[in-house]
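Q: Residues per chain are reported as follows:
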Amino acid sequence: MKHRGRYLEVMKRAESGPIVSESEFDMTYIAQKTSELIKKYGIKFNPDQIINHDDDLADRVFQAGLELITHSGVFCQDTRRRIVWAENEYLEGLSTAPAECTIGQGSDKVNIRARKPEVQLRPIFGGSPVAVPIQEDQFVPFLLSYAKDPIFDFLPPPPTLLSAYSVPIKGGSPWEVIAGWRESELTKQVLSAAGRPGMAVDCVSISTTAAGGISSLSYGGYRPSDRALVSMVAELKTNYDELEKVVHVTRIDGNMEAFLASIYGGFLGGYEGLVIGMVAGSIGINQNYMPTTICSSSSHPLFRSGSSPGTIWTKSLALQALTRNASVLMTAMNSTAAGPGTKYILYENVAQAIAHTVSGACLIEASLSAHGTNPGHATPLEARIAAEASIAATEMTRLEANEVIGRITKMYESSLTEENIGKPFHKLYDIDTLEPLPEWTEQYKEVKEELRGLGVRIP
Amino acid sequence: MENSNPQIFADLLLEGSEPKVADFVTKSLGAGTDPLDFHSSIYSPALKIIGDKFGILEIFISELILTAELAQSISDNILLPQIKNSRKDIPEKKGVIVLGTVNSDLHDIGKKMVAMMLSVSGYKVIDLGVNINTNDFIDQAIREKADILALSALLTTSMVYMKDIVEMRDGLGYKDEFAIIIGGAPVTKEFAETIGADGYGSSASDAVLVCDELVSIK
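Sequences listed follow chains A and B, in order.
For the first sequence, the numbering used here gives the first residue as 1, with consecutive numbering after it.
For the second sequence, the numbering used here gives the first residue as 1, with consecutive numbering after it.
The hints are simulated quantities; they were obtained by calculation from the structure and are not laboratory data.
Only a predicted model underlies this, so the values are computations on that prediction, with no experimental measurement involved.
Just so you know, even glycine gets a beta-carbon here, dropped at the ideal spot from N, CA and C.
Worth double-checking, as some hints may not be accurate.
Straight line, CA to CA, 25 Å or less: simulated SDA-like cross-link-like pairs of lysine to any residue [stated by the list, open to error]:
no., chain 1, residue 1, chain 2, residue 2
1, B, 189, A, 28
2, B, 124, A, 23
3, B, 189, A, 426
4, A, 423, B, 193
5, A, 39, B, 189
6, A, 148, A, 95
7, B, 53, A, 423
8, B, 53, A, 414
Distance windows between CB atoms, simulated [unchecked claim]:
no., chain 1, residue 1, chain 2, residue 2, range
9, B, 202, A, 78, 38 to 48 Å
10, A, 23, B, 26, 51 to 61 Å
11, B, 176, A, 23, 26 to 36 Å
12, B, 20, A, 44, 48 to 58 Å
13, A, 12, B, 48, 42 to 52 Å
14, B, 202, A, 44, 29 to 39 Å
15, B, 22, A, 119, 51 to 61 Å
16, B, 23, A, 23, 20 to 30 Å
17, B, 37, A, 87, 50 to 60 Å
18, A, 96, B, 22, 28 to 38 Å
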């Protein structure tokens, strides 16, 4: 891809940029500067406008984010140097970023195009039990229940294996590499059984180190047409492991989904700081990782989901800021506090899907259910309702979406700090047919009726 | 006395003006407040108030760090010298905690939040950082004469190292020397019990409660 031509320059700047201690980077370059930018650009969280429809605010957030990343650069933890670029270099980087790409192969390939807020083009939608831990012998049926649903265009990160060939997986050890291969082996079984051998998959779900993330992204394992995952460390940091993944994916000409998750209460502060940091991080990711797509998200330590009103505000506004000011492939992920078998998880997914769609996401992944930490607690149904809500949202304005989401969030907001983790997959789905059991289907249908009552034209 | 309210002292610390905070302390001591009493009835409770605000994210980590640094400066430059002059014993820390994120795991901010909460709650905290291997955890805990070794992991592939650390501590005969508590997104109370850890913290605030309990029974 033409925008990756600067990858050697990125690596050189990681070795030659200005030296700073990590604590000074956190406190001075991030915390202090973000605080100044909030005041300078007049960024203020408005709980009555969870879906921002003030274009000037979105543009100010973009400017604030651009100013932050120009000031801070990206901190490389291994060299303790800031990878810095001038503002015009960041803008040029955005102008050459891909506005269109293809993932998957053969008849399963999918085209992704950049969107802007309120555009009627439907986002690409992926469904999987994103990173939810699962026993090795349950991996295939669990993931197959998603892969066989035609509403999903690709598979976001598969569930996290708890063992490889019955041995617990240890990060940084040979077992992490073995697990990467095991994951790709099992995922291929899923694609074959679903009749969708070319379907794109996000990989590698279990990797922590570069060895784990790269090794199975090679001949016989995952393919360049899949989506390799590379992350930015909170806040605005990288390290050799992530840069090694960048180099490898660049050299195999693979698709790359680069992502960041900014943390409420951390060095960016509250929601206003988060949204500036998310934009800054996305621009920094684009410049240094040269990805195909970028996912910018935020998390709240107390709610542990992406569905609180404030968190939705940050994701929606960051998407608007970036898609209004650049033609980049911005993606989004749904994450929930509640688990399957509860109505809450359906509401949480619908609210996020609508928010992401009207705000300009070109691709949405669902669902990181029940914080993504409860083994087996995910089902395709919560991802499906999210996909359906996204389709309905292509006919909505941001103003309409704000009205609807304001009502939907009231249905689940008070439950976010409760442990409504629901039930595991095998208690909500028939393991032989991989279809939902009546109890779960009934709740899904009830919620769809409720949504139609709110004016959401959900199919 | 006007200056006997820890909330007032907490607000001053959060405001961040070192001259104002120093003035408050100096006036209080000058009016006859015993420095040790000031430490126990105003200084420490004020830090707890600030820690509690952080626990519910009314303030954020950068504010907590700045406040803690200011409080430490006031303690080092005004309070502790006065306590020494009055020939009383310097208040001890509640305990020593060595803390870090385990091998192959680079997640930092959550661990930092816990470290800061423990620090303002009265512990001496040695933060080893991230991606710390098993041997280094044990060696540092022994070297620092830790009361508690606190382990953080945010990945299922890294939390397995927590079991190794517990086994190494026990195998080397240090089970009665320092306790091990664990925390992080994929970590559960059940996992802690399975691997023989001494405690589990579900949040930064919870970690303080668990540590207080472990130190009290040591």
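Q: If a hint holds in the structure, say so; if it does not, say that too.
A: Hint check results:
1. 189/B to 28/A: violated, 37 Å
2. 124/B to 23/A: Distance of about 19 Å is within 25 Å: holds.
3. 189/B to 426/A: holds, 23 Å
4. 423/A to 193/B: Holds, at about 23 Å.
5. 39/A to 189/B: violated, 42 Å
6. 148/A to 95/A: violated, 37 Å
7. 53/B to 423/A: Roughly 34 Å between the alpha carbons, so the hint for residue 53/B and residue 423/A is violated.
8. 53/B to 414/A: holds, 21 Å
9. 202/B to 78/A: 38 to 48 Å: With Cβ atoms ~32 Å apart, the hint is violated.
10. 23/A to 26/B: 51 to 61 Å: violated, 30 Å
11. 176/B to 23/A: 26 to 36 Å: Cβ of residue 176/B to Cβ of residue 23/A: about 35 Å, so the range 26 to 36 Å holds.
12. 20/B to 44/A: 48 to 58 Å: The hint (48 to 58 Å, Cβ to Cβ) is violated, given that residue 20/B and residue 44/A are roughly 28 Å apart.
13. 12/A to 48/B: 42 to 52 Å: Cβ of residue 12/A to Cβ of residue 48/B: about 49 Å, so the range 42 to 52 Å holds.
14. 202/B to 44/A: 29 to 39 Å: holds, 32 Å
15. 22/B to 119/A: 51 to 61 Å: Cβ of residue 22/B to Cβ of residue 119/A: about 58 Å, so the range 51 to 61 Å holds.
16. 23/B to 23/A: 20 to 30 Å: holds, 28 Å
17. 37/B to 87/A: 50 to 60 Å: Cβ of residue 37/B to Cβ of residue 87/A: about 55 Å, so the range 50 to 60 Å holds.
18. 96/A to 22/B: 28 to 38 Å: violated, 54 Å
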